[in-house]
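A.B. asks: Chain residues, written in single-letter form:
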Amino acid sequence: MTLVKTAIGRRSFIKSSALAGGGLMLGFNWLASCKMTPEQVNNLPKEWFEINGYLKIADNGQVTIMSPNPEGGQNVKTAMPMIVAEELDIDWKDVLVEQAPLNTDLYSRQFIGGSQAIRTSWEGLRMAGASARHMLKSAAAETWQLPIEEITTESGTVYHKSSEKSASFGEVASAAAQISVPEEVELKAISDFKIIGTSKKNVDGHKIVTGKPLFGIDTHSEGMLTAMIVHPPAFGMKFKSMDDAPVKSMPGIHDVFTIKVLEDEYERQHFDTCTFLEIVAIVGNSTWEVMNAKKAISVEWEPFETYNEERQPYRGPKQTLTIPAGLESSDDHKTKMIAMASKKAKVVRKDGNPEAAFRKAAKVVERTYTAPFLAHNCMEPMNFFADVKSDSAQLSGPLQKAELTEQAVAKRLGIPVEQIDVELTRLGGGYGRRSYAHWALEAAVISQKMKAPVKLVYTREDDMTGGIYRPAYQVIYKAALDSNNNLTALHINAGGIPESPLYANRFPAGAVDNYLAESWTIDTNITIGSFRAPRSNFMASAEQSFLDEVAEVIGKDPIDFRLGLLKKAQENPVGEKNDYDAERYAGVLKLVKEKSNWDKNDATRNQGVAAYFCHNSYAAQVVDMTWENDKPNIKKVTCAIDCGIVVNPDAAANLCEGGIVDGIGNALYGELTFKEGVPEKSNFDSYRMIRMSESPKEIDVHFVKNDIDPTGLGEPTFPPVFAALANAMYKLTGKRYYQQPFLSKDKA
Amino acid sequence: MAKFNLNINGKQREIDVDATTPILWVLRDHIKLVGTKYGCGIAQCGACTIHLEGNAVRSCQLPVSSVGDKKITTIEGLSEKGDHPVQQAWLEIDVPQCGYCQAGQIMTASALLEKNPNPSDEEIETAMNGNICRCGTYTRIKKAVKIAANSINA
Ligand code: FES
Ligand code: FES
Numbered sequence: 001m002t003l004v005k006t007a008i009g010r011r012s013f014i015k016s017s018a019l020a021g022g023g024l025m026l027g028f029n030w031l032a033s034c035k036m037t038p039e040q041v042n043n044l045p046k047e048w049f050e051i052n053g054y055l056k057i058a059d060n061g062q063v064t065i066m067s068p069n070p071e072g073g074q075n076v077k078t079a080m081p082m083i084v085a086e087e088l089d090i091d092w093k094d095v096l097v098e099q100a101p102l103n104t105d106l107y108s109r110q111f112i113g114g115s116q117a118i119r120t121s122w123e124g125l126r127m128a129g130a131s132a133r134h135m136l137k138s139a140a141a142e143t144w145q146l147p148i149e150e151i152t153t154e155s156g157t158v159y160h161k162s163s164e165k166s167a168s169f170g171e172v173a174s175a176a177a178q179i180s181v182p183e184e185v186e187l188k189a190i191s192d193f194k195i196i197g198t199s200k201k202n203v204d205g206h207k208i209v210t211g212k213p214l215f216g217i218d219t220h221s222e223g224m225l226t227a228m229i230v231h232p233p234a235f236g237m238k239f240k241s242m243d244d245a246p247v248k249s250m251p252g253i254h255d256v257f258t259i260k261v262l263e264d265e266y267e268r269q270h271f272d273t274c275t276f277l278e279i280v281a282i283v284g285n286s287t288w289e290v291m292n293a294k295k296a297i298s299v300e301w302e303p304f305e306t307y308n309e310e311r312q313p314y315r316g317p318k319q320t321l322t323i324p325a326g327l328e329s330s331d332d333h334k335t336k337m338i339a340m341a342s343k344k345a346k347v348v349r350k351d352g353n354p355e356a357a358f359r360k361a362a363k364v365v366e367r368t369y370t371a372p373f374l375a376h377n378c379m380e381p382m383n384f385f386a387d388v389k390s391d392s393a394q395l396s397g398p399l400q401k402a403e404l405t406e407q408a409v410a411k412r413l414g415i416p417v418e419q420i421d422v423e424l425t426r427l428g429g430g431y432g433r434r435s436y437a438h439w440a441l442e443a444a445v446i447s448q449k450m451k452a453p454v455k456l457v458y459t460r461e462d463d464m465t466g467g468i469y470r471p472a473y474q475v476i477y478k479a480a481l482d483s484n485n486n487l488t489a490l491h492i493n494a495g496g497i498p499e500s501p502l503y504a505n506r507f508p509a510g511a512v513d514n515y516l517a518e519s520w521t522i523d524t525n526i527t528i529g530s531f532r533a534p535r536s537n538f539m540a541s542a543e544q545s546f547l548d549e550v551a552e553v554i555g556k557d558p559i560d561f562r563l564g565l566l567k568k569a570q571e572n573p574v575g576e577k578n579d580y581d582a583e584r585y586a587g588v589l590k591l592v593k594e595k596s597n598w599d600k601n602d603a604t605r606n607q608g609v610a611a612y613f614c615h616n617s618y619a620a621q622v623v624d625m626t627w628e629n630d631k632p633n634i635k636k637v638t639c640a641i642d643c644g645i646v647v648n649p650d651a652a653a654n655l656c657e658g659g660i661v662d663g664i665g666n667a668l669y670g671e672l673t674f675k676e677g678v679p680e681k682s683n684f685d686s687y688r689m690i691r692m693s694e695s696p697k698e699i700d701v702h703f704v705k706n707d708i709d710p711t712g713l714g715e716p717t718f719p720p721v722f723a724a725l726a727n728a729m730y731k732l733t734g735k736r737y738y739q740q741p742f743l744s745k746d747k748a
Numbered sequence: 001m002a003k004f005n006l007n008i009n010g011k012q013r014e015i016d017v018d019a020t021t022p023i024l025w026v027l028r029d030h031i032k033l034v035g036t037k038y039g040c041g042i043a044q045c046g047a048c049t050i051h052l053e054g055n056a057v058r059s060c061q062l063p064v065s066s067v068g069d070k071k072i073t074t075i076e077g078l079s080e081k082g083d084h085p086v087q088q089a090w091l092e093i094d095v096p097q098c099g100y101c102q103a104g105q106i107m108t109a110s111a112l113l114e115k116n117p118n119p120s121d122e123e124i125e126t127a128m129n130g131n132i133c134r135c136g137t138y139t140r141i142k143k144a145v146k147i148a149a150n151s152i153n154a
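Going down the list, the protein sequences come from chains W and P. Numbered as in the working numbering, the first sequence ends at 748 without a single skipped number. Numbered as in the working numbering, the second sequence ends at 154 without a single skipped number.
The following block holds chain W by itself, in its conformation from the complex:
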């Protein structure tokens, strides 16, 4: 057992007894659509006692646990309450889970992003459960007039074993709610976990498979109008004029107008990326009517002039971004990136004397890797609900950074944050896209103007051509080998449009005596945003493909070669700022080697390997494949991952499988190109997404077992699979894959 201070915000312990169950704050309660049987109604608890912001206990012993973070497929809505339930010492079958609304007083970091939900909430969730358990024990101790030290709990019951007294949590809940919050609580020993580490089904599984309203796009409220937008057809363009009269009189249309998404003097924060500052809004009764008006409207656009944008990034000082004028094309992007290679770049890290090492090298291996812009393509298109009154607002929708969205909307509408309520709906995929909630601002501005509740829905085309893409990248890797085939120096020159992908302190930094990492960027008016494992999703691909090729030149087994470098990094690291644990890194490589039968790698089985560390977790993968009818046929992906304690193993495996399939899809087919500012793909007829027949026939996920606090899982399996795939494809085709996507258009 560990003693920890209860550092949860005081407000989270404000107790209010006899709370009504459910208690969603908007008028359209999702649950209302699920009919209950008379039996279920009879069994409904009569009273709920709120023990703290995370949980309440009913008189019948049922426990409702609030899941603070939004759910977007990472399964936090099951995993987070599991952690609370573990420390509370209750049976999982007695737990009901509810999605918490945004509440910055009660919860911290209600974000999705960076695979950090479980990692940053781990302690807080455990404390919430443990302190409630302590309060239940004190309540029993007081009632029985016995010392608390002699009270134990098990499966939702408090016991005083020697006097054979017991009471259910429900029976002592009312008294527990009156107990003051302990200053210190005991946490369970990891070896005593009963819920954490066992597979629990998705708490929303039944609702999903029966089509219940869960997603933002499913929102409906009395008197709600539907809105759509028309944005410029090309990056580099802005609104000029429109002829809205014919459209305004179309059936079901209420109004057509332009909106400014951000005011000129608006001070931007990190996630306030907004592609098109002035857009057309069409508001009407129903989606189809608005869609028809959208097709019929004629809008004129014009090129904009170069401008600067001030922004307060997540960390560090304010930045000024230059948004250049011009209609950009992918061909120009390529030319510009190639030209950067011969220009002076910013040195980010330097160890030893790389120049000398390259001069002395017996052999130099140099390769260039590139990757295109990618659209997120969440299956649920961007959408948001806003009901803005003169001095308050109710918002609802799929948000990854609800707290920041609330602040932005407050500023934009001139309504204090306290007067804004935000309900968090399930996300039909996020992958970073829903951190940039300009569409929430758009919905709010439209609702304010219409003085009515509004649901804004993007068409797939609006979504895909609306910016916030994974940037385009290029990296040149250069390795120096001495006459004994030792890797003596490594030079990385990395850049992108408009962001560099470089992580200078990651492996193989620390494993090479002479090391130089440089960075550059190219401005663009195409907007970008975080995309599942930002930057890592490219660097892993390039780095791990390159190491494969170097291993081949040296004549070493690719896994042994990596393990050799990691051994050096562990025993005799170069530099001080290496941000990875070489032992855990090697651990996943060894595990994947064993589980994939790597040593039995014969000519009939073509395997490629890769490993990467990001979002605090380590992942290694081996891809087994064949080449049939001139197409890749992926037989199996074996994945080893070290993400500390695994809360919900089967769901965790599902998430790893997802990262692998998504990675393979983007590696083979993912690409968004531009011509004169216009995205050349706008829907799934041209944007190739991986389909069932192309995904691996089998995925085998293995977790490294340890007692380390849990770390990220939504992202770490995504980056390395690009390279494991490229390395396996090389075995089959004899071709190295330097440019994403790996399959040319005719093959895809």
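Any given hint could be a false lead.
Below, in silico cross-link-like pairs of lysine-lysine (BS3-like), each with a Cα-Cα straight-line distance of 25 Å or less [what the hints assert, rightly or not]: (1) W:K577 <-> W:K600; (2) P:K146 <-> W:K201; (3) P:K143 <-> W:K635; (4) W:K334 <-> W:K478; (5) W:K93 <-> P:K32; (6) P:K143 <-> W:K201; (7) W:K697 <-> P:K115; (8) P:K146 <-> W:K636; (9) P:K81 <-> P:K115; (10) P:K143 <-> W:K631; (11) W:K451 <-> P:K32; (12) W:K411 <-> W:K260; (13) W:K697 <-> P:K81; (14) W:K248 <-> P:K3; (15) W:K731 <-> W:K600; (16) P:K146 <-> W:K635; (17) W:K681 <-> W:K631; (18) P:K143 <-> W:K636; (19) W:K595 <-> P:K143; (20) P:K143 <-> W:K697; (21) P:K32 <-> W:K294; (22) P:K81 <-> W:K201.
Just a few of them, taken from the derived set where beta-carbon distance is under 7 Å, the chain W residues facing chain P [to be verified]: (23) N202; (24) V209; (25) I323; (26) P324; (27) G428; (28) E680; (29) D685; (30) S693; (31) I699; (32) H702.
Far from chain P, by Cβ distances over 12 Å, these chain W residues were calculated [claimed, not checked]: (33) V97; (34) F111; (35) W144; (36) E149; (37) K207; (38) K212; (39) K240; (40) I259.
For the record, the hints were derived by calculation from the structure and aren't laboratory data. Where is the CB? At the ideal position from N, CA and C, for every residue including glycine.
Got chain W sorted already, so can you dock chain P with the ligands onto it with the hints?
C.D. replies: Chain P with the ligands alone, transformed into the frame defined by chain W:
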């Protein structure tokens, strides 16, 4: 606007909409059955899959005027209690991640098994290839389809 009498999940529903309105939007906006999802609007993603007389069709490309008295089944009507063998298999394998594509996946899979209760891997792939899942749940979907097939044949 025109009046239509539709048979949806065994109930007659009268609606007054533009004759070109796709069934997807009739369901979502007018009948308030939102289990059927919008993903692309051009019959490329399968999120909007429903059954029309037992066949899997993309409701985003199905104008209300073309339906007549043919029977429409949506995810909400696939089974009364949510216990269709495909739904059960989905829960057993815990297929969904974000879940957005899953209603469409389930509707495609259940129509497949209705016609071919014992599909091969290749037949499953062919039938399911029109349904995109960005979360990448394909391997689990395939497993769940096979489990559902087994339970139907048992
Ligand atoms: S919405 Fe109908 S197939 Fe995509
Ligand atoms: S589960 Fe998210 S798109 Fe399929």
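A.B. asks: Determine for every hint whether it applies to the structure shown.
C.D. replies: Consistency of the hints with the structure:
1. Proximity of K577 of chain W to K600 of chain W is assessed by CA-CA distance (about 37 Å); at most 25 Å being required, the pair is judged violated.
2. Between the alpha carbons of K146 of chain P and K201 of chain W the distance comes to roughly 19 Å, so the proposed pair stays at or under 25 Å and holds.
3. A C-alpha spacing of about 15 Å is found between K143 of chain P and K635 of chain W, which places the hinted pair at or below 25 Å, so the restraint holds.
4. Of the supplied pair hints, the one linking K334 of chain W and K478 of chain W holds, its CA atoms being roughly 20 Å apart against a limit of 25 Å.
5. A distance of roughly 32 Å separates the Cα atoms of K93 of chain W and K32 of chain P; the hinted pair therefore is violated under the 25 Å criterion.
6. Pair hint K143 of chain P plus K201 of chain W holds up; C-alpha atoms about 16 Å apart against a cutoff of 25 Å.
7. Between the alpha carbons of K697 of chain W and K115 of chain P the distance comes to roughly 24 Å, so the proposed pair stays at or under 25 Å and holds.
8. Between K146 of chain P and K636 of chain W, the direct Cα distance comes to roughly 18 Å. Compliance with the 25 Å bound is thereby established for this hinted pair.
9. Proposed proximity of K81 of chain P and K115 of chain P is supported: the alpha carbons are some 22 Å apart, at most 25 Å.
10. Using a Cα cut-off of 25 Å, the hinted pair K143 of chain P and K631 of chain W holds, with the two alpha carbons roughly 23 Å apart.
11. Taking the CA atoms of K451 of chain W and K32 of chain P, the gap is about 23 Å. The hint holds against a cut of 25 Å.
12. This hinted pair checks out: K411 of chain W and K260 of chain W have alpha carbons roughly 14 Å apart, not beyond 25 Å.
13. About 32 Å separates the Cα atoms of K697 of chain W and K81 of chain P, which puts this hinted pair outside 25 Å; it is violated.
14. For the given pair, K248 of chain W sits about 24 Å from K3 of chain P by alpha-carbon distance, which is consistent with the 25 Å threshold.
15. The suggested pairing of K731 of chain W with K600 of chain W holds, with an alpha-carbon distance near 15 Å, which does not exceed 25 Å.
16. Distance check on the hinted pair: K146 of chain P and K635 of chain W sit about 18 Å apart at the alpha-carbon level, within 25 Å; holds.
17. Note on K681 of chain W and K631 of chain W: the hinted pairing holds, with a Cα-Cα distance of about 23 Å set against a maximum of 25 Å.
18. A C-alpha spacing of about 15 Å is found between K143 of chain P and K636 of chain W, which places the hinted pair at or below 25 Å, so the restraint holds.
19. Straight-line distance between C-alpha atoms of K595 of chain W and K143 of chain P comes to about 21 Å, which keeps the hinted pair within the 25 Å bound.
20. Taking the CA atoms of K143 of chain P and K697 of chain W, the gap is about 10 Å. The hint holds against a cut of 25 Å.
21. Of the supplied pair hints, the one linking K32 of chain P and K294 of chain W holds, its CA atoms being roughly 23 Å apart against a limit of 25 Å.
22. For the proposed pair K81 of chain P and K201 of chain W, the alpha carbon gap of about 18 Å is at most 25 Å, so the pair holds.
23. Satisfaction of the interface hint for N202 of chain W is found here, the shortest Cβ-Cβ separation to chain P being roughly 6 Å, below the 7 Å cut-off.
24. Hint on V209 of chain W holds. Least Cβ distance to chain P is approximately 4 Å, under the 7 Å limit.
25. Because the beta carbon of I323 of chain W sits about 29 Å from the nearest beta carbon in chain P, more than 7 Å, this interface hint is broken.
26. Violation of the interface hint for P324 of chain W is found here, the shortest Cβ-Cβ separation to chain P being roughly 31 Å, above the 7 Å cut-off.
27. A cut of 7 Å between beta carbons decides the hint on G428 of chain W: the least distance to chain P is about 3 Å, and the hint holds.
28. About 16 Å separates the beta-carbon of E680 of chain W from the nearest beta-carbon of chain P, more than 7 Å, and the hint is not met.
29. Here the hint on D685 of chain W is kept, as its CB sits about 5 Å from the closest CB of chain P, short of 7 Å.
30. For S693 of chain W, the interface hint holds, the least distance from its beta-carbon to any beta-carbon of chain P being 4 Å, beneath 7 Å.
31. Against a cut-off of 7 Å between C-beta atoms, the interface hint on I699 of chain W holds, since the closest Cβ of chain P lies about 5 Å away.
32. Residue-level restraint check for H702 of chain W is violated (minimum Cβ-Cβ distance to chain P is 15 Å; threshold 7 Å).
33. In this structure V97 of chain W is separated from chain P by more than 12 Å, as the shortest Cβ-Cβ distance comes to about 15 Å.
34. Consistency note on F111 of chain W: stated as away from chain P, and its beta-carbon is indeed over 12 Å from all of that chain's, at 16 Å minimum.
35. For W144 of chain W, the condition that its CB be more than 12 Å from all CB atoms of chain P holds, with the nearest at approximately 42 Å.
36. Once the 12 Å rule is applied to beta carbons, E149 of chain W is consistent with being away from chain P; the minimum gap is 41 Å.
37. Not every C-beta of chain P lies more than 12 Å from that of K207 of chain W, the closest at about 8 Å, which undercuts listing it as non-interface.
38. Annotated as non-interface, K212 of chain W brings its C-beta within 12 Å of a C-beta of chain P; the closest such distance is 7 Å.
39. K240 of chain W, annotated as away from the interface, keeps every beta carbon of chain P farther than 12 Å; the closest lies near 27 Å.
40. The Cβ of I259 of chain W lies farther than 12 Å from every Cβ of chain P, with a closest approach of about 23 Å, so its non-interface assignment holds.
Violated hints for the displayed structure, listed by number in ascending order: 1, 5, 13, 25, 26, 28, 32, 37, 38.
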